[in-house]
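Whole structure, please, built from the sequences with the hints as guidance.
Convert by adding 77 to the 1-based position in the sequence shown; the result is the number in my numbering.
Hints in this document: simulated from the structure, not taken from any laboratory. Warning: the hint list may mix true and false statements.
Claimed, not checked - Listed next, the in silico EDC-like pairs over lysine to aspartate or glutamate satisfying Cα-Cα at most 16 Å (straight line):
#	residue 1	residue 2
1	224	113
2	141	286
3	284	200
4	238	250
5	297	182
6	122	182
7	185	298
8	259	244
9	282	261
10	187	144
11	141	266
As the list claims (entries may be wrong) - Cβ-Cβ distance ranges computed for the label pairs, FRET-style:
#	residue 1	residue 2	range
12	296	117	29 to 35 Å
13	120	270	29 to 35 Å
14	148	204	26 to 32 Å
15	235	114	20 to 26 Å
16	238	164	34 to 40 Å
17	293	243	21 to 27 Å
18	243	289	34 to 40 Å
19	123	255	18 to 24 Å
20	165	271	20 to 26 Å
Here a beta-carbon is modelled for each residue, glycine too, at the ideal position from N, C-alpha and C.
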Amino acid sequence: MNISNRYIHLFALFAICSLWSSCQPSATKNQALSFDHLPDMQSGKLDTATFAAGCFWCVEAQFKTLEGVQQVISGYTGGKTNNPTYVQVSTGATGHAEAVNVLYDPQKIKFDTLLKAFFIAHDPTQLNRQGNDVGTQYRSAIFVHDKQQLSKVNYYLQKMKEKHLYERPIVTEVVPYSTFYKAEDYHQDYYANNQDDRYCQYVIKPKLEKFKHIFTSTAKD
Numbered sequence: 078m079n080i081s082n083r084y085i086h087l088f089a090l091f092a093i094c095s096l097w098s099s100c101q102p103s104a105t106k107n108q109a110l111s112f113d114h115l116p117d118m119q120s121g122k123l124d125t126a127t128f129a130a131g132c133f134w135c136v137e138a139q140f141k142t143l144e145g146v147q148q149v150i151s152g153y154t155g156g157k158t159n160n161p162t163y164v165q166v167s168t169g170a171t172g173h174a175e176a177v178n179v180l181y182d183p184q185k186i187k188f189d190t191l192l193k194a195f196f197i198a199h200d201p202t203q204l205n206r207q208g209n210d211v212g213t214q215y216r217s218a219i220f221v222h223d224k225q226q227l228s229k230v231n232y233y234l235q236k237m238k239e240k241h242l243y244e245r246p247i248v249t250e251v252v253p254y255s256t257f258y259k260a261e262d263y264h265q266d267y268y269a270n271n272q273d274d275r276y277c278q279y280v281i282k283p284k285l286e287k288f289k290h291i292f293t294s295t296a297k298d
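Below is the structure:
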């Protein structure tokens, strides 16, 4: 399936399911063992979604364009090292992924839309890499905060598999959210503050412009 058709099918899939209140697959043994401690849903004015999709500089810039997203924080999660630094995470030895915490208003943007953005923002079939960024710290992962998020993630993954939206298997990890370590200050708003940087010009800018074109209807003014 070519990229244009894949995007069309993704939008159709997410549009249909977002109209239903119960897109819930049956629980698996792994879910029962690993996700029981999660709340059914979040209860604050803002909800949080956490994604790893390659270099967090790019992912942060993409999600910040969406209406209803209040804040995007770059950081590290999924590993065992406490208070890791960027240098440590870059070795791949900490187990952490570069990730973003997306704080959003669920009255203005649905988790379904954020999931759709996640799959469009990167290639979920690339194992432990995105393009030339290689290592477990660049893996594709969704860190679910509650059981409602878990149900939606599993549902969409199953439907994408059934519809063969990708030629290769989706390798996105689905794991319960744990401690998130905010990255060093210079990583926050990296693209906005470093647009003349070569990586920003040649890697982030093209991906961001494509992302904004796809999400024109949900972009901030």
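Hint check results:
1. 224 / 113: Measuring from Cα to Cα gives roughly 8 Å; hence the hint holds.
2. 141 / 286: holds, 13 Å
3. 284 / 200: holds, 11 Å
4. 238 / 250: Measuring from Cα to Cα gives roughly 14 Å; hence the hint holds.
5. 297 / 182: With a Cα-Cα distance of about 13 Å, the restraint between residue 297 and residue 182 holds, given a limit of 16 Å.
6. 122 / 182: Given pair residue 122, residue 182 holds - Cα atoms ~7 Å apart, limit 16 Å.
7. 185 / 298: Holds, because 14 Å separates the two Cα atoms, which is no more than 16 Å.
8. 259 / 244: Between residue 259 and residue 244 the Cα gap is close to 35 Å, so the pair fails against 16 Å, i.e. violated.
9. 282 / 261: violated, 22 Å
10. 187 / 144: holds, 10 Å
11. 141 / 266: Holds: residue 141 and residue 266 sit about 9 Å apart, inside 16 Å.
12. 296 / 117: 29 to 35 Å: Check passed, 31 Å falls within 29 to 35 Å.
13. 120 / 270: 29 to 35 Å: holds, 34 Å
14. 148 / 204: 26 to 32 Å: This hint holds: roughly 30 Å between Cβ atoms.
15. 235 / 114: 20 to 26 Å: 23 Å Cβ-Cβ, so the 20 to 26 Å window holds.
16. 238 / 164: 34 to 40 Å: holds, 37 Å
17. 293 / 243: 21 to 27 Å: Holds: the Cβ-Cβ distance is about 24 Å, inside 21 to 27 Å.
18. 243 / 289: 34 to 40 Å: The hinted range 34 to 40 Å is violated for residue 243 and residue 289, with Cβ atoms some 23 Å apart.
19. 123 / 255: 18 to 24 Å: Holds, since residue 123 and residue 255 (Cβ atoms, about 19 Å apart) stay within the stated range.
20. 165 / 271: 20 to 26 Å: holds, 22 Å
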